[in-house]
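Colleague: Sequence:
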Amino acid sequence: MNFGHLMVNETKTIFRHLFFRVLESKTSSLTQKSIVVEAFHRYIEEPQNLIALFLNYDCNTSSQSVYEQMIGYLAALSVPFGMKMDAVCDRNEAVSGMIVLDFLIPESLQRSALSTLLLVAYSNRQWIERFECDQTISFGNSSNFNSSSGISEFAKHLEKSVEPQGEMLLAGSVGKKMIRLFMPFE
Numbered sequence: 001m002n003f004g005h006l007m008v009n010e011t012k013t014i015f016r017h018l019f020f021r022v023l024e025s026k027t028s029s030l031t032q033k034s035i036v037v038e039a040f041h042r043y044i045e046e047p048q049n050l051i052a053l054f055l056n057y058d059c060n061t062s063s064q065s066v067y068e069q070m071i072g073y074l075a076a077l078s079v080p081f082g083m084k085m086d087a088v089c090d091r092n093e094a095v096s097g098m099i100v101l102d103f104l105i106p107e108s109l110q111r112s113a114l115s116t117l118l119l120v121a122y123s124n125r126q127w128i129e130r131f132e133c134d135q136t137i138s139f140g141n142s143s144n145f146n147s148s149s150g151i152s153e154f155a156k157h158l159e160k161s162v163e164p165q166g167e168m169l170l171a172g173s174v175g176k177k178m179i180r181l182f183m184p185f186e
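Each residue of the sequence shown is one higher than the last, beginning at 1 in the numbering used here.
Accuracy of the hints is not assured; some may be wrong.
As the list claims (entries may be wrong) - Simulated restraints, written as ranges between beta carbons of each label pair: (1) ARG21 / ARG42: 11 to 21 Å; (2) TRP127 / VAL8: 13 to 23 Å; (3) LEU104 / PHE131: 40 to 50 Å; (4) SER25 / PHE131: 33 to 43 Å; (5) SER108 / GLU45: 15 to 25 Å; (6) ASP102 / ILE128: 29 to 39 Å; (7) ARG125 / ARG42: 16 to 26 Å.
Worth flagging that the hints you see were computed from the coordinates, not collected in a lab. Every residue, glycine too, gets a C-beta built ideally from N, C-alpha and C.
Produce the complete structure using the sequences and hints provided.
Modeller: Quick look at the structure:
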């Protein structure tokens with residue numbers, strides 16, 4: 001069962017009032033900050049969680065950008081203390097919303113945060129690979145296009161259904177290739 005769509009407000013509250021506060025606090029212990037980074041790591045391991053976080057918060061104009069803030073905190077934790085604002089801002093002028101943590105971050109926490117940031121890229125790549133079509137399928141290719149009706153073979157076999165867990169399923173096939181796409185929605 002998937003209850004993610006029912007817990008949008010609760011998820012935002014957990015991120016804002018628990019995770020982010022622990023990370024920005026000077027009085028939080030290294031263990032507490034490490035637990036939060038580990039929680040991010042485990043959350044990000046499933047690509048659908050990351051996509052749902054982005055779609056439900058960052059794409060929603062009436063909500064805070066939780067995905068962006070999480071990435072911002074991980075980036076701030078992974079930057080060495082001596083290289084904080086001066087060196088980073090000189091190289092990138094478009095960092096107006098950059099999160100700056102003004103306390104010393106132990107190397108173990110920096111490495112853990114950097115590892116989690118790399119996992120974000122890996123997780124996004126996994127999500128893309130789940131739905132990547134074979135390079136031989138080309139919608140402009142005459143073998144996959146029915147010129148008499150003007151409809152591609154893929155579009156002819158496309159099925160759409162709404163799952164009870166708040167997900168939309170798009171499925172289609174071209175020849176022996178089957179493509180399934182699950183998209184969570186509110």
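Colleague: Take the hints in turn and mark each one as holding or not.
Modeller: We went through each hint and held it up to the structure:
{"no.": "1", "hint": "ARG21 / ARG42: 11 to 21 Å", "verdict": "holds, 19 Å"}
{"no.": "2", "hint": "TRP127 / VAL8: 13 to 23 Å", "verdict": "holds, 20 Å"}
{"no.": "3", "hint": "LEU104 / PHE131: 40 to 50 Å", "verdict": "holds, 42 Å"}
{"no.": "4", "hint": "SER25 / PHE131: 33 to 43 Å", "verdict": "holds, 39 Å"}
{"no.": "5", "hint": "SER108 / GLU45: 15 to 25 Å", "verdict": "holds, 20 Å"}
{"no.": "6", "hint": "ASP102 / ILE128: 29 to 39 Å", "verdict": "holds, 36 Å"}
{"no.": "7", "hint": "ARG125 / ARG42: 16 to 26 Å", "verdict": "holds, 18 Å"}
Checked against the numbered hints listed earlier, the structure breaks none of them; every hint is satisfied.
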